[in-house]
Every structure is written in structure tokens, then in C-alpha cells.
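Trainee: Protein chains in written order, with this note's numbering: chain V, 1 to 259; chain E, 1 to 364.
Heads up, none of these hints are tricks.
The calculated label-pair distances, taken between Cβ atoms and stated as ranges, are: (1) V:Asp252 x E:Ser70: 53 to 59 angstroms; (2) V:Leu41 x E:Ala329: 53 to 59 angstroms; (3) E:Glu93 x V:Leu41: 54 to 60 angstroms; (4) E:Arg87 x V:Val114: 53 to 59 angstroms.
Partner residues are not named here, just some residues of chain V that face chain E (Cβ under 10 angstroms, in silico): (5) Leu54; (6) Leu82; (7) Ile147.
It should be emphasised that the hints constitute simulated quantities derived from the structure, not laboratory data.
Where is the CB? At the ideal position from N, CA and C, for every residue including glycine.
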Amino acid sequence: MSLRLLLITLVLLLAACTVAGPPTPPLRQELSGVISRDLTLSGEILLTGDLLILPGRTLTLMPGTKVFVRKAESSKIDPEYLSSLTEILVRGTLQAEGTVLAPIFFLPETPLAVSEVAWAGIILDRAGASSIEHARIEGADQGILSISSSPQLLDNTIRHCRYGLVVQGRGSATIHGNRIEAGEGGVFVLAGATPDIADNRISDQVEEGLFVDAASRPHLDRNEISGNAIGLLLHNSDLPFERGGISGNREDLRIIGGG
Amino acid sequence: MVRWLLLLFLLWGLPVSAFAEPLVYRGETTLWNDTIWQGEVLIDGILTVAPGTTLEIRPGTTIRFTFFDSNDDGIGEHEIFIQGVLRAIGQSEAPILFTSAQSSPHPGAWGAINLMAGEVASELNFCIVEYAYRGFHSHFAQASLQDDEFRHNIRGAQFQESEVSFERCRFIDNLNGVQFRDSQVRFEDLLVSNNYWGVRGVHSHVVLNAGRVSRNLVNGINLRDCDATITATILDHNRKGLYLQGSRGSVRNSLFSGNSEHGIYLEESEVAIIGNRLLDNGRAGIKWVASQGTLLQNRFDGGSEYALVNDSATPLMAQRNWWGSSDPATIAVAIRDGSDRAGIGLVDATDFLPAPPEFVLSLQ
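Full structure from sequences and hints, please.
Mentor: Now the structure itself:
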């Protein structure tokens with residue numbers, strides 16, 4: 001092929017691209033309401049309102065799924081839902097298992113100021129055996145709230161959420177390998193919870209990195225906690241933990257009350 | 001003999017269910033005449049009590065509702081609509097029971113006791129209401145509830161634009177204990193425990209005296225844009241004890257203990273907080289965010305990350321309180337304010353009480 005022919009071919013190809021215009025963004029599937037049968041989703045999803053997964057039902061999100069959440073200005077106080085903000089409420093099962101190369105995103109529909117909250121978060125309320133892995137969660141009031149559930153929460157990144165991760169009540173949540181960054185508070189263990197919290201990195205929280213109330217007994221191991229106002233706050237002096245990974249906080253450790 | 005015949009004749013004429021067990025209402029039915037229930041009643045549909053009609057329920061009566069779910073959302077839809085007057089007057093030894101007809105019911109297995117726009121106040125005394133979607137529900141109505149128990153419901157009580165008085169009522173193990181908006185509410189000797197949300201109200205006038213709000217998973221009491229008067233109440237072991245948003249009023253002589261996060265959380269509110277005791281609340285006894293008011297003669301007994309957190313840009317006067325110590329340096333550590341964070345107002349606690357003030361309420 002001569003050089004002239006090659007140049008002509010290239011010009012024609014470029015022209016064809018110009019005629020086609022910019023690529024159209026993939027269509028976002030709108031989603032809200034009650035999930036009363038098993039459902040598998042992928043691609044881009046726009047959460048336009050509260051989502052409730054009923055007991056016995058499973059929502060599966062495929063690797064690479066992007067869930068965008070529309071901000072709700074609502075005064076609703078419906079008890080089916082736990083927040084006045086848009087929430088994903090799981091009373092059945094949520095399988096959101098991304099991969100390193102194809103994480104699952106839960107993001108506000110529109111960009112926010114750093115301290116602004118756009119949605120409630122993922123709430124596991126007496127949920128079935130759920131797992132959230134390699135997900136990125138941003139702009140939520142509580143990135144993940146686990147109430148009396150035993151989810152696998154592995155290798156997620158939770159950023160710019162008011163509370164990164166909250167565990168309340170019975171159940172045995174497994175919280176490993178997560179990064180909880182740049183919120184008001186990192187991980188809160190409340191109301192008699194006993195999660196396994198290991199190999200997480202909790203950093204740059206305006207208030208507490210890891211907070212454990214007097215009624216809870218988590219297993220704490222090999223967590224890196226740095227850059228927070230208070231690194232680790234315990235209300236039990238007899239709770240074992242490794243001090244090695246707690247450094248570079250304004251106050252690394254505070255223990256309140258007896259064991 | 002004539003007397004017996006006369007008695008038999010009278011009983012025959014009364015619309016009383018005592019001798020017909022159970023009395024069954026199927027489909028959509030309306031009571032147009034005053035009616036008395038006693039014994040067993042089965043509601044297999046939607047029953048309406050017409051305007052001007054009174055439904056009286058005698059002590060010991062059990063009313064059961066069948067499960068019907070037309071839209072597959074798990075919520076039962078069979079229920080009662082009271083457009084007239086309900087007088088459900090049980091006794092302590094013979095309460096009236098509203099429940100599901102299922103053998104193993106779930107919260108939300110039936111709809112509600114609905115009061116709609118009644119001109120005369122309805123009464124529920126010594127009633128037990130369980131497994132409903134909304135145990136007690138009213139719009140534009142008046143009601144007096146005494147010695148009732150609401151348990152295992154999705155919403156124990158919910159009302160809008162209503163005037164409701166609760167005395168010695170208990171809300172236990174519901175998803176929401178009590179929720180309301182645009183209403184006048186009076187609680188006396190209330191118990192709200194082991195719910196997700198305890199008491200949740202919007203745009204209402206609330207008076208609460210001598211209650212206990214305990215072990216609710218989210219917040220004990222959450223009031224937004226309300227006028228609230230709270231006295232002699234215990235709020236313990238909730239996530240947050242009392243959360244006031246955009247509200248006004250007073251909180252006096254109450255105990256806030258063992259709440260996982262905050263005893264009292266104020267946000268854009270104007271409140272007098274006087275003579276309370278706060279201890280063992282996880283993050284702070286009181287968190288004060290963009291609020292105004294009085295903080296006087298309270299007793300902060302420690303066990304918290306901070307006794308008081310001021311997250312407002314404006315200074316806060318906090319005089320004549322006990323801070324768990326009479327050492328100014330120790331008091332300063334117990335208070336987080338502008339001396340710890342830029343852009344936040346200082347707390348003036350210089351005129352502190354040298355010893356804890358007497359306080360009567362206790363968790364015992």
C-alpha cells in the first residue's frame with residue numbers, strides 16, 4: 001500500500017468517526033420500589049427512589065455494575081424504610097460481588113460537596129446471607145448499615161460517607177480488607193454487635209476512626225487506623241486489639257469506662 | 001317464667017356477638033347501626049363503621065383479621081375503618097385483643113384500626129394490638145388511649161392531623177413505635193422499647209411526662225419541626241436518646257443513660273435543657289449543632305467521649321452544671337468546642353456546680 005493510499009484511508013476513517021459523533025452514554029435502567037422476586041442486574045442503574053428487597057428474595061449485581069442514586073428531598077417517615085433519604089434496604093439477600101478489575105459502584109447521581117450526603121446507603125436489616133465485595137460506595141449517610149445481619153463485607157472502598165460502616169445488634173458480620181476514608185466517622189460497632197473486623201484501613205475521619213460502644217464485643221485484628229481525630233475509641237477496657245496499626249491520629253486511643 | 005322469656009326476647013334483639021362465636025364479617029361491610037362486640041370476632045375483609053355509628057367492644061373480646069395481600073408487598077390489607085366512634089374499653093384482667101387470624105403471624109399481617117375524621121373522640125382502654133401494619137391509625141380524629149399495648153406491629157401507632165392522648169401505653173417490639181405529623185400529642189407514663197424508631201414526629205405539638213424510651217435501635221425520640229415539652233422521662237440504651245431537629249421547647253428532669261451515640265442531639269433547635277442527668281452516652285451527653293437555648297443545672301456524670309460537644313459557630317453559655325469534676329482542666333477536657341476545632345464557638349462553663357445536684361430518676 002502506498003503512503004498516499006494509507007493517508008487517504010486514515011482521513012476517511014477520521015471523517016467517519018466525526019460523522020458518527022461522540023459515543024452515546026449507555027442507557028441507565030431506572031430502579032426503585034419493592035423487589036419481590038429474584039433479580040440480576042448489570043450495566044448502569046439509576047436508583048430513583050427507595051429499594052426494598054423482601055425476605056427470601058435476592059438481588060444480584062454483576063461485576064462492573066454502576067448504581068447511581070438520585071438524591072431525595074423527602075419528609076417521608078415510612079417505617080418500611082429506615083431513612084428519609086433514598087436507601088437500599090435489604091431484608092432478603094444482596095449479592096454485590098465485584099472484582100478488582102470490575103468493581104461495583106454506588107455513587108450519587110450528581111457530584112456533591114465533600115461533606116454533603118446524597119442518599120442513606122445500603123441497609124442490611126435482618127438480611128439473608130449477603131455479600132458486598134470490591135464495591136465503591138460514596139456520598140451516603142451510612143455507607144453500609146448492618147442490623148442483626150451476617151454479611152461478608154470484603155475489599156470495599158467507602159468514601160465521603162457520614163458514617164462509613166455501622167454494625168448493630170446480633171449477627172456476625174465479616175468486615176475484611178475495606179478502606180473507609182474521608183467521612184465523619186469510620187466504623188461504628190453498636191448495640192451488642194460482634195463483628196469480625198480485620199485488615200481494614202480506616203483513615204481521615206473528622207471524628208472517630210473505629211468506635212465500639214459498651215454493649216459490643218467485636219474481634220479486632222490488624223486494622224490500620226490513621227489520620228482520624230480519635231483512632232480507636234472503646235467503651236470496654238478489656239477488649240483485645242492490636243495497637244500496632246493505630247498511629248498518626250490526633251488521639252490514637254481512648255478507652256472509656258471499665259470492662 | 002315471664003321474666004326469663006322477656007330476657008330471652010331482649011337478648012335476641014341486641015346486636016351482640018357474645019352468643020354467636022365467632023361473629024364473622026366477610027368482604028367489604030359497613031355497620032350502619034350501633035353495634036356491640038363481645039367474644040370472638042373475625043374480620044375477613046374491610047369493615048367500616050359509618051359516620052354517626054358507635055362500635056362498642058366489651059372486655060375480653062378478641063378480634064382477628066385474616067391475611068390478604070393483593071400487591072405482594074407482604075402487608076395485609078384487611079382492617080377496620082371507623083368513621084363514627086370506637087369505644088373499646090377492656091379491663092386489666094380482660095383486655096381486648098386485636099390480632100392476626102394466622103397461627104404464626106408476622107408484623108403487618110393485617111391493616112389497621114383506622115379512625116377517620118370522627119367528630120367524637122374514640123377510646124381504646126386496656127387493648128392489646130399486635131401484628132398489624134398500623135396498630136392505631138388516625139386522620140383528622142381525636143382519641144384517648146389508656147393502658148394499651150402495641151406490640152409486633154410495623155407501626156405501633158401512626159396519626160396525622162389528629163389530637164391524641166396516651167396514658168400508661170406501651171409500644172414494644174414494633175418497627176416504629178409511634179409516628180405522627182401535624183398533630184397534638186400528649187404522652188403520660190409512656191413505655192417505648194425495643195422498636196427500631198421509638199417516637200418519631202414532624203410538625204407537631206408534643207407533651208411527654210414520666211415516660212421511658214429504651215433500647216430502640218435508631219433513635220429513642222426523633223422530633224422535627226415540633227414544639228416539645230419533655231419532663232421526668234428516661235431515655236436509655238437507644239442509638240441516640242433524643243434527637244431534635246428544627247424544634248423548640250424544653251427538656252427537664254430527665255435521665256439520658258447508656259445511649260450508644262448521644263443522649264441529646266440538637267440540630268437547629270431552640271431548647272431549654274434544665275435539671276437533667278446524663279451518663280454513659282457513647283459519643284456525647286449532648287451534641288449541640290447550630291442551636292440556641294439554655295443549658296442549666298444539668299448533671300453530667302461521665303462515661304461519654306465528651307459531656308458536651310458544641311458544633312455551632314456561636315458560643316454556648318453552659319452555667320451552673322455539674323461536669324463530673326470541680327477541676328477546671330478536667331471540665332475543659334469533657335467539653336469539645338472552639339478551643340479544639342477552628343470555626344466553632346466556645347463553651348462558657350466557668351460558673352460550674354461544685355457538687356452534683358440531687359436527681360431522683362434512676363434506671364432501677
